[in-house]
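**Student:** Protein chains in written order, with my numbering: chain A, 1 to 854; chain B, 855 to 1267.
Bear in mind the hints are in silico, worked out from the structure with no lab data behind them. Mixed in with the good hints there might be a few duds.
[Unchecked claim] Restraint-style ranges between C-beta atoms, simulated for each label pair:
no., chain 1, residue 1, chain 2, residue 2, range
1, B, Gly1219, A, Glu143, 14 to 24 Å
2, B, Ser1130, A, Glu143, 34 to 44 Å
3, A, Val176, B, Lys1127, 54 to 64 Å
4, B, Asn972, A, Val176, 26 to 36 Å
5, B, Lys1127, A, Val27, 53 to 63 Å
6, B, Ser1130, A, Lys39, 53 to 63 Å
7, A, Ser130, B, Gly1219, 38 to 48 Å
8, A, Ile82, B, Asn972, 21 to 31 Å
9, B, Val1255, A, Gln95, 41 to 51 Å
[What the hints assert, rightly or not] Anything over 12 Å on all C-beta distances counts as not near chain B; from chain A, calculated:
no., residue
10, Phe102
11, Glu197
12, Glu242
Each residue gets a CB set at the ideal place from its N, CA and C atoms; glycine is no exception.
Here are the chains, one letter per residue:
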Amino acid sequence: MVTMRPMTGIFKRTFILVFCVFCVIAVLTSGMAAYFLYKRMVEEFRSKGVAIAVSIAEGGWDVLLHRDAATVQSTIDNFLDIEGVVYVYVVDARQDILAHTFVPARPESLQHGYPHSEYDISVRNITVESIGSVMEISAPILEGAGGHVHVGMDRGLLNAYFWKVFRNMQLVLGVVFAVCVVLLYFMVRKISRPLTELSDYAAQLAQRDFSGEISIDSKDELGLLARTMQNMAHELSALFSEMHEEVAEATKEVRTSLSYQSAIIDNLADGLLVTDRDGRITLLNPAMREFYALQGIDCTGTKAKHYFPAELARLVAAAQPQEGGTVTAEVPLSDNRTGKALASPIWLEEANGQCLGTVILVRDITHEKALDRLKTDFISTVSHELRTPMTSVLGFAKIIHKKLERDVFPHLDRGDDKTVRAVTQVEDNIGIIVSEAERLTVLINDVLDIAKMESGKAQWRDKLLSMADVVEHSVRSVQGVCREKGLRIETEIEKNLPMVFGDRGRLVQVVLNLLSNAIKFMDEGVIVCRVRRHGDTILTSIADQGVGILADELPLIFEKFKQVGDTLTEKPKGTGLGLPICKQIVTRHKGEIWAESIVGMGSTFHFTLPVARDFKADGSAPGENEDIFCWDEDDALGQEGSAMLVESMDTGQEIQPLILVVDDDPSLGKYLKQLFREEGFRVLVARNGRQALKMASKHLPNLITMDLMMPEMDGKTAIRCLRSNPFTRHIPILVVTALSDTEETGGNVALLKPVDADHLLETANILLRDHDVSRSCIVVGERADFEFDDGLTVFCPSRITFCPPHEIWDHVQEGFKGFVFMPHELADELDLAGLSRQSGVQVLILPEASTDYK
Amino acid sequence: MRIFLRFAAFCALACSVAVLAPRTGTARDIVLGMSAAFTGPSRGLGLELYRGAMAYFDFVNRNGGIDGRKIRILALDDAYEPAQAVKNTLRLLKNKDVFCLFNYVGTSTVTRMLPLLNTEQARGKLFFFPLTGAQPQRKYPYTSKVFNLRASYRQEMQALVNEFSLVGRRRIAIFFQNDAYGRCVWDGVRRALRTHRLDLVGEATYRRGATFEASMAEQVDIIARQQPEAIIAVGSYEACAAFIRDARNAGVRVPIANLSFSGNESLLKLLIKAGSSVDKDYTRDLIFTQVVPDYMDRTLPAARLYTRLMIKNPPKPPDSFGAGYEPFEFGFVSFEGYLNAVVMTHILRLHHARPETPLAEVVEGVRDFDAGIDVTISFGPERHQGLNRVYFTTVVDDGIVPIEPEEWRRWSR
């Protein structure tokens, strides 16, 4: 068949269908025709065979009766030439063969007679070996008396004839079909040529070539289609050119905005890094390249960790899961610079947003860091340097005041006016020195505090706590002062408040600050403390009825060194750092602090703290903090009954220092109590660490003696708890223990048991009382590797001698009397017992300085 | 092929008629019509029969003929095909110059043309001495129109079966040409066997027209399966020679008998040739029945004249036939033709002497005519067959020799 280029799918399918239908028809037609012919032929053969058999039987009966075999043979030989006759044979009445036409022999199956009709012509279909399928016609001679004539007609011939007819019919039909196909082909080509042209034209349109023309101008449907397509092409062409213009315009705009953006990005002083979800770099601005010395390197497409330090790579990964949140970190830059990186994920704006990557901004904060460090160093240095002389100034001022009161003034002549005036003036002046020195100390502490917080160096001991508890505790603390001033404090605390997460000491500090502010600016009235829930936060409010704050000044009160009022005319009361510290603490707890005020009516300070979300309401989160649970209220309250408060000198001019004795051994406790009471101290005894904590925070003793081996809470833990509480952290702790490893307990001074009474009292006096510190001090060790404790300078202000360990005995034999301080690590090298037995020599082992609480 | 043969025969006839016409034109010649196989596998029979007859007629004609009238044969070729024989016969019967029909060859051809003799076309023309021992022409309704010289096949077979029976060979099978000739001999054998209360132990046929090249292995196999003690082969000399060759090749050693009709010399020639090519002797144990005596028998005047005439004036095959045919010097067929011619000449002389007497009466009046052989020939109203004697020959040293009665013993079991 001719290769039909225009033979499209439809035509091909139609052709195949027609071909199949034709095949079926052809087969059926030729089959039917051949079958009918075959049937007819069978009839024909039958009648032919019958005619032959009858003609032999009837025609030659006389010959047959004469038994002239040659004539019979000659007769039947004639019939053998007739088409379809395969054999003829004649048998006599005894079935004996008379003549036959078989070559080379009569087939076996025809050797024997078979039952057939004696008198009638019979037809049967048989299969004969070496001949095949045969229709045998038998005719009787003289009603069977003369024998029978058998004529075999070849059925195989009929079959061959059938197939021949079939084949010929097929051939004819095939030729007809071929002619039809050729005609069809030309017709199809005539139809499909314009169709092909149309489809080519459509393809051209699809490639946006509108220049083509269609040459079909027939009046039929195809012509109509062609015209329609051409019109469509014109429309499309116009549409496309319009679109092109719009696109060009839009592209220009996009390009402009892009160049703006890239200029912005390129000129950004901060480094910019954009990565995709897998952490591959997609954008990098020049500043970023400069930060990491990547100029001229094409990094896009590679993982960020190949080019950037691990900190930044971690940031890239960390920002991904943060939904909308940003992550910041300090990262090292090249040339020993430091940068602050801020990573935020890019979110697809649609709902169920998908993270596209991360944007990281890096700012070079080397300079700022340096400045900050400089400032912090400056402040701490200055404060430290200020504090040391201030301690001396204050200490001596107090000593001078005492000496004067005790030793000088009684001996003066009271009668002399001038003297009296001088005495009064001196007393006043010294009082002023002391109070100013104290104020300065507070100021320095505050400054140090805020500096620490601002520089992030402050230590936070966060845990779950109850705001109600904080407020109650604070209120209790100021109750005494209030009473003195004649003020009342009321607390309104909502029930079942959720817990908050924070540093209890610091929060107490906030509340105390606010309370003391209120007390400070009030002469009479009621202070109301409210704690309630406000949404997801706990709102704490402290309202006073003081002078109030002017509206203009409200925003300034939380700034450093700002105090309301005229600082020139009025004497400032406080450092002016209280509220900034409060703000720092509250802000650090993710809370807010603000004030409302009406002048003359009073002010209200509010601060909020977020409700602890991730913890159970009961707040027990063991292991959350490495600290032991220091303030277990229930436990402490349950034991309160056994705490003893012993007032020794109720009516004394001066309230005697309170000593808290902590020991589990009742006899030893009793002994110590007696010992201290005879010396004139007030004494409290606690049985274990927990009780000690409770009592310490309640009574704020001036000194604590602490045993280390105790049930429930041992001494070490108790000391750490005490040190973690801002109200008790300043209390000196004297460790009285049998243990030798007193290092790292956190106590100020440690004494080994058995305790020498003189020794103990002397030490206690040193730690508590500021008079008669006339003894010399020897510090074993080099000055350089010894860090001074504040307390040491206080009780040995002038005569501190440093000596190496091997010279200590020389000093003792020369008649040294006084304190020998030694670091615990040297304790093993010296004969402590020998030293202790020397009269007038006190050995103090200094524990390892705990820098946390310095 | 058949069509082609017919066409060739027609052409030959046309030519021969054209050639003979001037000679037959002279009313003095006595023309005998002859239709025989001058082409095809059996042409040896027709040609030899013609040559034998012509040997004597030429001798007669040379010596003045029958009162000056010369005897001629109008020879037509039927290629041993019955249909062609019928056509030839019709043509001869219509020809007024043809005096009678003479020297036909073949049973099937004769059997088919016989009815013509009883038609108007025959105009009383008689049919003389066909080379066949078949029964039809010896029976009603043809007996009055036909005169035979040779003994019938039944007689040949009876004699043969008698001899086989005498030497103890009673299991006899037959290989025959499946046509009237074969059927006739088959019938003869059966009848002969029946006289000995025997029947054929096996039979196989072949189709007329088979040549020496054809394989007869199938027929040999069919017959050999019956383990016969003697085989009778009935057919043309080429088919019989092929059968003998294949039988001997298959290891069948029993005697194989052939009929006079087989054309012994032609058969022997083929077998010798085939045997020499494969270095085998196919000529052993062959028996031929003859209806004429041995032509080499010097005691017989006819044989002496025959051999002299054949050597002296070897007759030619009929015009335009025999191209590429190598004639035999002597032979039983040509001797039979010679004897036919001798008897025919005698009849013609008698008829010439009494022209008013119908020919049939003339012939029926022949009594004890001595043709120069060991027996005399007599005809009568009830006797239309001149000879009844059967002779046997065999092959010795590639030559055909008579079998003396005592020599049968060599095949006894």
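**Student:** Look at each hint and say if it fits the structure.
**Tutor:** Hints, verified against the model:
For the hinted restraint 14 to 24 Å between Gly1219 of chain B and Glu143 of chain A, the CB-CB distance of approximately 46 Å leaves it violated. At roughly 59 Å, the beta carbons of Ser1130 of chain B and Glu143 of chain A sit outside the given window of 34 to 44 Å. The given range of 54 to 64 Å is respected by Val176 of chain A and Lys1127 of chain B, whose C-beta atoms sit roughly 60 Å from each other. A beta carbon spacing of about 58 Å between Asn972 of chain B and Val176 of chain A contradicts the range 26 to 36 Å that was offered as a hint.
The hinted window of 53 to 63 Å between Lys1127 of chain B and Val27 of chain A holds, with their beta carbons roughly 58 Å apart. In this structure, Ser1130 of chain B and Lys39 of chain A meet the distance hint of 53 to 63 Å, their C-beta atoms being roughly 59 Å apart. Here the CB-CB span from Ser130 of chain A to Gly1219 of chain B is close to 55 Å, at odds with the stated 38 to 48 Å. At about 25 Å, the CB distance of Ile82 of chain A to Asn972 of chain B agrees with the hint of 21 to 31 Å.
Evaluation of the 41 to 51 Å hint for Val1255 of chain B and Gln95 of chain A yields a pass: the beta carbon distance comes to about 44 Å. A cut-off of 12 Å between C-beta atoms contradicts the statement that Phe102 of chain A is not in contact with chain B; the least separation is 6 Å. Here Glu197 of chain A stays apart from chain B, with its beta-carbon at least about 64 Å from theirs, past the 12 Å limit. Non-interface call for Glu242 of chain A relative to chain B: holds, since the shortest CB-CB distance, roughly 92 Å, exceeds 12 Å.
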